[in-house]
Amino acid sequence: MAKQKLIDAIRGKRTENAPWVPYAGVHCAFLINESADKYLQDPELLAKGLITTAEKYKADGIPLVFDLSVEAHSLGCDLQWWPDNVPSVTTHPCSNKNPEEAGISLPTRDSGRWPVLFEAAKLAKPRLDELDCALIGAICGPLTLASHLAGVRIFTDVIKNKEFVHSVMKCASQTGAVAAQFYIDMGCEIIAIVDPVASQIKPATFEEFVTPYVKETIKVINDAGCTSDFFICGNATKVLKNVCELATHGFAIDEQMNMNFVRDLAREHGKGFGGNLKLTLALSLGLISPREDAIVSLAAGGHIGYTFAPG
Amino acid sequence: MADKITIDVLTLDSVQCAACGYMMESIAALPDEVQEIIEYKEWSIKTKEGIGKFTQLKGKVLPSICIEGDVVFESIIPQYEQLIDEMLKRAPSPMIDSLKAARNKGFDFSKLNENLKKAGAGMNTKKG
Numbered sequence: 001m002a003k004q005k006l007i008d009a010i011r012g013k014r015t016e017n018a019p020w021v022p023y024a025g026v027h028c029a030f031l032i033n034e035s036a037d038k039y040l041q042d043p044e045l046l047a048k049g050l051i052t053t054a055e056k057y058k059a060d061g062i063p064l065v066f067d068l069s070v071e072a073h074s075l076g077c078d079l080q081w082w083p084d085n086v087p088s089v090t091t092h093p094c095s096n097k098n099p100e101e102a103g104i105s106l107p108t109r110d111s112g113r114w115p116v117l118f119e120a121a122k123l124a125k126p127r128l129d130e131l132d133c134a135l136i137g138a139i140c141g142p143l144t145l146a147s148h149l150a151g152v153r154i155f156t157d158v159i160k161n162k163e164f165v166h167s168v169m170k171c172a173s174q175t176g177a178v179a180a181q182f183y184i185d186m187g188c189e190i191i192a193i194v195d196p197v198a199s200q201i202k203p204a205t206f207e208e209f210v211t212p213y214v215k216e217t218i219k220v221i222n223d224a225g226c227t228s229d230f231f232i233c234g235n236a237t238k239v240l241k242n243v244c245e246l247a248t249h250g251f252a253i254d255e256q257m258n259m260n261f262v263r264d265l266a267r268e269h270g271k272g273f274g275g276n277l278k279l280t281l282a283l284s285l286g287l288i289s290p291r292e293d294a295i296v297s298l299a300a301g302g303h304i305g306y307t308f309a310p311g
Numbered sequence: 312m313a314d315k316i317t318i319d320v321l322t323l324d325s326v327q328c329a330a331c332g333y334m335m336e337s338i339a340a341l342p343d344e345v346q347e348i349i350e351y352k353e354w355s356i357k358t359k360e361g362i363g364k365f366t367q368l369k370g371k372v373l374p375s376i377c378i379e380g381d382v383v384f385e386s387i388i389p390q391y392e393q394l395i396d397e398m399l400k401r402a403p404s405p406m407i408d409s410l411k412a413a414r415n416k417g418f419d420f421s422k423l424n425e426n427l428k429k430a431g432a433g434m435n436t437k438k439g
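Line order of the protein sequences matches chains B and V. For what it's worth, the working numbering labels the leading residue of the first sequence as 1, then goes sequentially. For what it's worth, the working numbering labels the leading residue of the second sequence as 312, then goes sequentially.
Hints should not be assumed to be uniformly reliable.
[Unchecked claim] A short list of chain B residues far from chain V (calculated; beta carbon distances all over 10 Å): (1) E34; (2) K56; (3) S88; (4) S95; (5) E101; (6) W114; (7) S167; (8) G187; (9) E216; (10) Q256; (11) D293.
[Stated by the list, open to error] Covered, in the sense of this in silico footprint (three residues per stretch, anywhere, with C-beta under 8 Å from a C-beta of chain B), are these stretches of chain V: (12) 347 to 354; (13) 360 to 373.
[As the list claims (entries may be wrong)] Label-pair distances were calculated between CB atoms; the ranges are: (14) B:N17 <-> V:D343: 56 to 64 Å; (15) V:G380 <-> B:R291: 48 to 56 Å; (16) V:K429 <-> B:S289: 36 to 44 Å; (17) V:K359 <-> B:R291: 19 to 27 Å.
These are computed hints drawn from the structure, not numbers from a lab. Quick reminder that beta carbons are idealized off the backbone N, C-alpha and C, glycines included.
With the hints as extra help, turn the sequences into a complete structure.
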């Protein structure tokens with residue numbers, strides 16, 4: 001395992017070979033025979049799952065959790081828990097009012113599940129350091145958090161009610177900066193802003209409602225000397241140039257993107273890039289060979305700024 | 312002509328994937344008068360049935376919203392009025408007045424969880 005190799009790759013540098021990150025998430029719970037809902041609320045199980053997974057897969061880095069409900073929960077959204085999946089957000093406190101009217105206040109270390117994450121990181125970090133495996137903090141990105149707060153109306157209001165959207169995005173941005181500091185305090189070497197729904201909008205909407213609202217979070221991460229990343233899901237082709245123009249060191253994409261296009265754009269912007277292994281087609285459904293998919297990804301990714309990871 | 316407008320939402324998994332979740336929510340948060348004239352379901356690519364539907368509808372990307380068999384919104388979460396307009400293009404004449412009347416209403420979150428459950432959101436995402 002090689003933490004520094006991963007950091008170098010995310011920062012767009014040449015590496016001897018590609019570092020490897022399994023975005024294991026609740027798969028860690030599966031590996032230790034626990035249900036996802038129990039796992040995500042128990043620091044000892046989280047630490048056990050992380051260490052087991054990092055050892056089993058010889059990971060160069062591993063996310064503490066891959067759960068985009070943490071911030072929303074700490075801001076007052078209700079959750080539905082699932083035994084084999086991450087929790088889903090079931091209520092939107094800003095569906096008919098802005099964050100100020102809804103009485104939203106920024107999270108503290110005691111809000112929601114933040115104490116669980118602090119404790120899990122404290123328990124897991126020494127062994128992960130021994131394994132030379134980086135701990136990755138995964139922050140819910142601003143547009144996804146705004147969707148959790150206001151619901152799907154946010155995608156209509158970006159056209160019809162911009163003032164409202166800016167108020168929600170401001171709250172999401174401030175929360176992201178707080179979460180970044182939490183992950184820094186936990187000892188995460190790499191912190192990713194994970195904004196899956198940011199692929200589901202037009203480039204102009206990204207420019208107006210995502211770019212300005214990740215700046216503060218990225219600044220907090222970069223100023224602390226940590227490595228910053230931006231994860232986007234789905235077919236993000238139309239906004240990938242916007243992603244490259246953010247001030248993160250690197251970005252990650254999912255299986256629906258063309259790896260050669262991604263690589264060329266990343267190198268043009270001096271960014272690290274990762275992802276693209278066919279999580280659904282190969283690893284879940286077995287419709288294509290995971291081995292051949294891995295070879296194709298490694299060949300396309302090359303040795304400059306590339307992290308081998310699922311998409 | 313069917314008595315309801317059929318909407319199929321092609322997803323990875325509306326619980327695991329936030330983009331898929333909000334695609335589903337864009338349908339489940341439509342107001343009552345629209346809910347009465349539509350029939351919708353989540354099709355997760357993690358299931359055999361979901362793969363079958365993805366192939367049948369000639370889906371290209373996830374998530375996508377299909378209305379009356381047409382892939383209409385691909386990797387773009389629709390605005391409320393766009394959704395209503397696309398339904399209007401494909402609605403049988405008895406439903407047109409209801410849809411036109413609903414165009415100025417906007418999303419309604421009061422029955423969101425009930426509607427998501429009805430559509431099987433998150434319930435049919437196990438590998439088949």
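Against the structure, the hints come out as follows:
No beta-carbon of chain V is positioned within 10 Å of the beta-carbon of E34 (chain B); the least distance is around 18 Å. Non-interface call for K56 (chain B) relative to chain V: holds, since the shortest CB-CB distance, roughly 21 Å, exceeds 10 Å. The claim that S88 (chain B) lies off the interface is violated: its Cβ sits roughly 5 Å from the closest Cβ of chain V, which falls inside the 10 Å cut-off. A beta-carbon of chain V is positioned within 10 Å of the beta-carbon of S95 (chain B); the least distance is around 5 Å.
Non-interface call for E101 (chain B) relative to chain V: holds, since the shortest CB-CB distance, roughly 16 Å, exceeds 10 Å. Listed as a non-interface residue, W114 (chain B) keeps its Cβ farther than 10 Å from every Cβ of chain V; the least gap is roughly 20 Å. Annotated as non-interface, S167 (chain B) keeps its C-beta farther than 10 Å from every C-beta of chain V; the closest such distance is 18 Å. The non-interface label for G187 (chain B) is consistent with chain V: the shortest C-beta to C-beta separation is roughly 27 Å, beyond 10 Å.
Distance check on E216 (chain B): its Cβ is at least 21 Å (rounded) from any Cβ of chain V, clearing the 10 Å threshold; non-interface status holds. Annotated as non-interface, Q256 (chain B) brings its C-beta within 10 Å of a C-beta of chain V; the closest such distance is 6 Å. With a least CB separation of 16 Å from chain V, D293 (chain B) remains clear of the 10 Å interface cut-off, as annotated. With 0 residues carrying a beta carbon less than 8 Å from a beta carbon of chain B, the segment 347 to 354 of chain V misses the three-residue requirement, and the given coverage is violated.
Residues of the segment 360 to 373 of chain V with a Cβ under 8 Å from some Cβ of chain B number 3, which satisfies the need for three, so the listed coverage holds. Checked against the hint of 56 to 64 Å, the C-beta distance between N17 (chain B) and D343 (chain V) comes to roughly 57 Å, which is consistent with it. In this structure the supplied range 48 to 56 Å is violated for G380 (chain V) paired with R291 (chain B), their Cβ-Cβ distance being about 37 Å. Separation of K429 (chain V) from S289 (chain B) is about 38 Å and conforms to the stated range, judged on CB atoms against 36 to 44 Å.
A beta carbon spacing of about 23 Å between K359 (chain V) and R291 (chain B) agrees with the range 19 to 27 Å that was offered as a hint.
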